[in-house]
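Undergrad: Sequence:
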Amino acid sequence: MADPIEPSTSSSDPNSVPITTAILHPRREPFEHGLLTIQKLIFNDPVQALTPLKQKFASPSTQRVDSAALAELLQISFDHSRLVLETLASVLHSESDPLVTALPDDVDSIGADLRDLILFLYIQSYKRLLPRSHKDSAAVADVWPSMSAFDGYLSALSPLQLVRSNSRRFMPSQADEEAHQLSYLQKHLANILSLLSEHVEGESEESLVLTMEGFEHLGFLIQFGDKGSERVPLSQAAPFFANSDPDMPAAPVPVSQVHDWLLQTIASSLESITEKVSAKENGSPSGSDQDVAMADASPSSAKASPSARSPCFVEGVSKSSYVKQASDLKSSSVKVINCHDSTIYILAPLRYAIIYGCSDATIVLGAVGKAVRVEHCERVHVIIAAKRVCIANCRECVFFLGVNQRPLFVGDNHKLMVSEPTTFIVYMLDMGPHACSALHVGENVIKFGYCFLKFYQVAPYNTYYSQLEEHLTEVGIVSTINRWDEALSISVIDPHDSLSHPAGVSDAQSESATCLDPDQFTDFLIPNWFENESTGLTKDNPFPLPDAYMTSQQRNQKNLSEIQQMLREASLEENRKRELSSALHVYFKDWLYGKSIISIFFVKFIFTFPYVVVFIIVYSRL
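The sequence shown begins at 0 in numbering that gives the first Met the number 0 and counts up by one.
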């Protein structure tokens with residue numbers, strides 16, 4: 000029997016394909032947060048469309064493309080051109096790129112590196128992986144409204160369908176998505192390399208080479224290093240650049256050699272992923288599960304690290320509260336999926352976050368330095384401090400935003416009719432040890448419960464926790480800049496997701512968000528569960544409120560203080576106080592049970608704080 004061949008990184012033939020043991024993975028960020036629904040960026044032939052861009056800016060003195068030049072070349076608006084640059088900056092692989100470190104006012108003039116921009120525009124043709132078929136499609140067909148002549152279309156995936164589909168059993172796993180992304184890169188690799196390549200002077204047009212610098216830009220799409228390990232620099236993983244002298248520029252490599260090596264590496268990685276998926280489906284304990292939910296994972300004392308490749312999952316939380324701090328996270332990326340009738344707190348500095356398929360919930364994200372995506376959610380209140388946020392296909396939702404860039408709204412964020420508004424004010428007769436938390440949490444949670452929204456709405460950021468300012472600084476969010484009310488709405492149809500619309504439906508602009516009425520605005524106080532462990536100095540909302548919201552907040556606080564004082568001074572005997580409290584609890588619970596969108600949290604609140612007396616004040620009937 001012949002001895003096994005040892006892996007080698009060298010060969011006597013300079014054009015041969017070296018054998019490598021490196022494991023290649025796609026970078027998820029460009030595919031999850033970098034796809035835009037701008038029709039003019041979807042090219043039937045990306046090479047033909049992007050070659051003029053390459054030719055115009057290929058000279059060494061013009062390697063960066065600013066907003067004006069990009070808008071002119073692609074025939075898009077300046078707003079969309081700026082959006083392209085901001086989105087690219089949020090998913091770039093290099094933290095030292097000038098576009099990543101640019102101040103907001105300098106983004107347009109600094110522009111993007113030509114090669115990164117080409118790769119970003121090329122993958123706009125990517126199609127997301129379809130969910131697996133449901134065994135009983137008729138069982139979920141009645142959950143989401145059918146298409147009508149008035150609606151044009153409605154999203155095919157609703158949060159309630161996800162519930163009936165038994166969580167993510169029918170959704171693509173992380174391994175499935177990774178294999179799909181690698182297959183896409185495998186199919187388009189020749190085109191991508193041709194756009195990054197250079198011609199050799201004096202040689203034929205077919206003689207294309209790739210410099211080490213050009214090869215490094217492939218790091219926008221791919222990376223080496225398995226989960227839990229340090230990421231390997233791209234040029235060090237490639238045998239033709241691995242031993243280059245740092246003091247001398249490496250010789251360019253024929254594109255054909257790079258192409259063959261990458262094809263071999265991708266094929267090997269796909270085979271490895273397939274083996275892991277098969278082992279997992281067969282129940283083998285040796286199968287590596289990349290889809291560990293945070294709810295099932297043991298807490299870690301290590302802070303979230305940007306080098307951690309796989310995201311943490313908060314999945315399937317129902318009718319409960321869920322809290323995670325920075326010390327509990329093993330990754331700097333979080334996905335909140337399929338959570339219902341719950342309150343979720345992720346109080347940590349993050350790079351990326353995705354909220355998908357949630358309903359009747361309140362979700363608080365700490366500081367997200369790169370991008371947040373909220374998709375297919377119903378009746379969810381999201382409180383976000385982030386660099387940028389994209390909201391797609393959400394209904395009856397309210398977003399309390401502290402964002403440095405314009406919020407992006409895409410897809411079918413559908414409007415509903417409005418019901419009578421009711422405000423609830425919570426007062427305390429017996430000031431227990433948690434009185435302050437009970438007062439503010441109860442007031443906000445109850446207020447969230449009554450909202451039937453005419454449109455999806457946006458409002459300024461409305462909360463804080465002790466380490467918020469520290470986390471904002473850590474991820475690079477500037478609290479003095481909040482563009483919450485400058486929403487940018489683009490295409491209803493998502494060309495990357497064939498499930499979000501039926502074939503043949505014409506496109507239109509997504510509905511614009513409306514601003515929450517200042518009279519409906521209130522602070523959301525996060526309970527201080529970890530008071531003894533807290534070392535933060537944040538004592539108030541770091542994002543300044545607009546005058547109208549500040550005035551409303553001050554008026555509400557004044558009215559609350561006056562009525563609290565009036566109740567304290569009321570000469571009621573203890574037995575009469577208990578009778579009054581019991582009667583109000585009974586009427587309040589009866590009222591809540593009669594409402595169609597009651598959240599279990601409201602009822603739990605009543606039983607958790609029996610010393611709270613609730614007065615219901617109904618006003619401003621529309």
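Honestly, the hints are just simulated from the structure, not real lab data. Please note that the accuracy of each hint is not assured.
Taking lysine-lysine pairs in the DSSO-like style, the calculated list, with each CA pair at most 30 Å apart, reads [what the hints assert, rightly or not]:
no., residue 1, residue 2
1, 323, 557
2, 329, 53
3, 126, 318
4, 186, 275
5, 557, 588
6, 318, 275
7, 186, 53
8, 576, 538
9, 557, 538
10, 55, 126
11, 126, 39
12, 53, 39
13, 186, 39
14, 55, 39
15, 329, 318
16, 55, 186
Quick list of the computed label-pair ranges, beta carbon to beta carbon [what the hints assert, rightly or not]:
no., residue 1, residue 2, range
17, 190, 528, 51 to 61 Å
18, 57, 232, 55 to 65 Å
19, 560, 95, 23 to 33 Å
20, 212, 516, 17 to 27 Å
Values in this document were obtained by computation on a predicted structure and should not be read as measured data. Note that beta-carbon positions come from the ideal geometry of N, C-alpha and C, so glycine has one too.
Undergrad: Which of the listed hints are not met by the structure?
TA: 1, 2, 3, 6, 8, 18, 19 and 20
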